[in-house]
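Peer 1: Sequence:
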Amino acid sequence: MSLVVLAAWWSLGAHAAAEVVVSVDRPCVVVVNFAPYPTTGGQDVVVRIPHGDEVEEQVEIAASTAALLARIARLPMPFERPLTLALIDIPDGVASVQTRLFGGPLWKLVGHKKTGEIVHPEPWRPVGEAAAAIHAVPRALATGLNVSFDTRRAHAESMAEPAAYAEAPYMDEVEDWLADNLPPATPSHLLHGDLLGQNVLWSPGQTRVSVIDWEAARLGDPAYDMAIITRGRRKPFGRTEGLRWLLDAYNASSPVELSDREVRFHELSLMAAWIADSEGESANADYKRRGASLWKRVQALG
1 MSLVVLAAWW SLGAHAAAEV VVSVDRPCVV VVNFAPYPTT GGQDVVVRIP HGDEVEEQVE
61 IAASTAALLA RIARLPMPFE RPLTLALIDI PDGVASVQTR LFGGPLWKLV GHKKTGEIVH
121 PEPWRPVGEA AAAIHAVPRA LATGLNVSFD TRRAHAESMA EPAAYAEAPY MDEVEDWLAD
181 NLPPATPSHL LHGDLLGQNV LWSPGQTRVS VIDWEAARLG DPAYDMAIIT RGRRKPFGRT
241 EGLRWLLDAY NASSPVELSD REVRFHELSL MAAWIADSEG ESANADYKRR GASLWKRVQA
301 LG
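For what it's worth, the numbering used here labels the leading residue of the sequence shown as 1, then goes sequentially.
If you're looking for bench data, these hints aren't it; they were derived computationally from the structure.
Everything numeric in this text was worked out from a predicted model, so none of it was measured.
One or more of the hints may lead you astray.
[Claimed, not checked] Below, a list of computed lysine to aspartate or glutamate pairs in the EDC-like style, where the Cα atoms sit at most 16 Å apart:
no., residue 1, residue 2
1, 296, 172
2, 288, 172
3, 296, 176
4, 288, 167
5, 296, 122
6, 296, 279
7, 235, 60
8, 296, 260
9, 288, 122
10, 288, 173
11, 296, 161
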C-alpha cells in the first residue's frame with residue numbers, strides 16, 4: 001500500500017485492523033475500499049493524485065474543487081457527483097480523497113452496429129441535461145475557482161488567441177471569423193471544464209449518469225463545455241445529428257440557449273490551440289486535416 005493510500009486510510013479514521021482493498025482505476029487514480037468504517041458510508045473512495053501542475057497550483061485547485069463540490073452537493077441535479085472527504089499533503093503536492101462513483105465512460109458505451117457493444121439509447125440527452133444543470137448553478141456558489149472570466153466574451157476572446165499564431169492555410173480566415181462571432185458580454189456561468197467522455201459515467205440499469213473530474217471547473221462561456229464534448233468531430237456520439245441532438249437536450253433546461261454557431265466558435269478555437277501546440281509532424285498534420293474539415297462545416301453555416 002502506498003504512503004498516499006496509508007495517509008488516506010488514517011485520515012478517515014481507519015486503523016490496522018481495517019479491511020482495505022486497493023486497486024488502480026486509471027493512471028493517478030487509486031480506488032480504496034474502507035467498507036468497515038461509517039466515515040465513508042461503507043463505499044469505495046478514490047484517492048486522486050494530481051500531476052503536471054506546480055505544487056502551489058495543485059493545492060489551490062484541490063481546495064477550490066473540494067469547496068465547489070461541497071457547495072453544490074445539495075442542489076437538485078440530474079446526475080451524481082463526488083464529494084471530497086479529505087485533502088492529504090504529499091511530497092509533490094496534495095492528494096484528494098473523494099467518494100467513488102461507478103459506471104463506465106459513457107462515450108465508450110454508445111455502441112456500434114458492427115461490434116454489438118452495449119448501447120446507451122440517447123447518450124447526448126443525459127450529457128446535455130448535466131451540462132445545463134451545471135451552467136444553472138448560481139454564481140455565488142462558484143467562487144474561488146482557479147480560472148474565472150467575468151463574461152462569456154472575455155472567455156471566448158482568451159480562447160481565440162491561438163488562432164493568431166497557429167499555422168494552417170485557412171487560419172487567417174478562421175481568425176477573422178472568430179473575431180466576427182464573439183458571444184455577448186453577458187455574465188459567465190459555472191462550467192465543468194472537462195466534459196470528456198471518460199468523465200461521464202454510466203452503466204446499464206442506471207437511471208442517472210455520474211460526472212467526475214471537476215478540477216478544471218471555471219467561470220466562462222457555456223458553449224465551451226459543449227465544444228469539449230463534441231471536439232470538432234463530424235459525428236459527435238457517432239451520429240451525424242449528434243451536435244443538434246446534444247443542443248436540443250441542453251437547451252430544453254438550460255439558463256442560456258446555445259446555437260451550433262456558438263459551439264463551433266470554441267471548436268475552432270480549440271483546434272487552433274491543438275495545431276499550435278502539437279508536437280511531431282504526424283500529430284500536426286492530423287490536427288490540420290481535422291481543422292480543415294471543421295472549417296468547411298463552419299463555412300456552410302453561412
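Peer 1: All the hints need checking, so say for each whether the structure fits it.
Peer 2: Do the hints match the structure? See the list:
Proximity of residue 296 to residue 172 is assessed by CA-CA distance (about 14 Å); at most 16 Å being required, the pair is judged to hold. Pair hint residue 288 plus residue 172 holds up; C-alpha atoms about 13 Å apart against a cutoff of 16 Å. About 15 Å separates the Cα atoms of residue 296 and residue 176, which keeps this hinted pair within 16 Å; it holds. Restraint check for residue 288 and residue 167: the C-alpha separation of about 9 Å stays at or below 16 Å, so the hint holds.
Between residue 296 and residue 122 the alpha-carbon distance is near 27 Å, which puts this suggested pair outside the 16 Å criterion. At roughly 24 Å between alpha-carbon atoms, residue 296 and residue 279 are farther apart than 16 Å, so this suggested pair is violated. The hinted pair formed by residue 235 and residue 60 fails the criterion: a straight-line CA distance of about 37 Å is larger than 16 Å. Restraint check: the Cα-Cα separation between residue 296 and residue 260 comes to about 14 Å, which is no more than 16 Å; the hinted pair holds.
Pair hint residue 288 plus residue 122 does not hold up; C-alpha atoms about 31 Å apart against a cutoff of 16 Å. For the hint pairing residue 288 with residue 173, the CA-to-CA distance comes to about 14 Å; that is within 16 Å, so the pair holds. A distance of roughly 21 Å separates the Cα atoms of residue 296 and residue 161; the hinted pair therefore is violated under the 16 Å criterion.
Comparing the model with each earlier hint shows violations of hints 5, 6, 7, 9 and 11; every other hint is respected.
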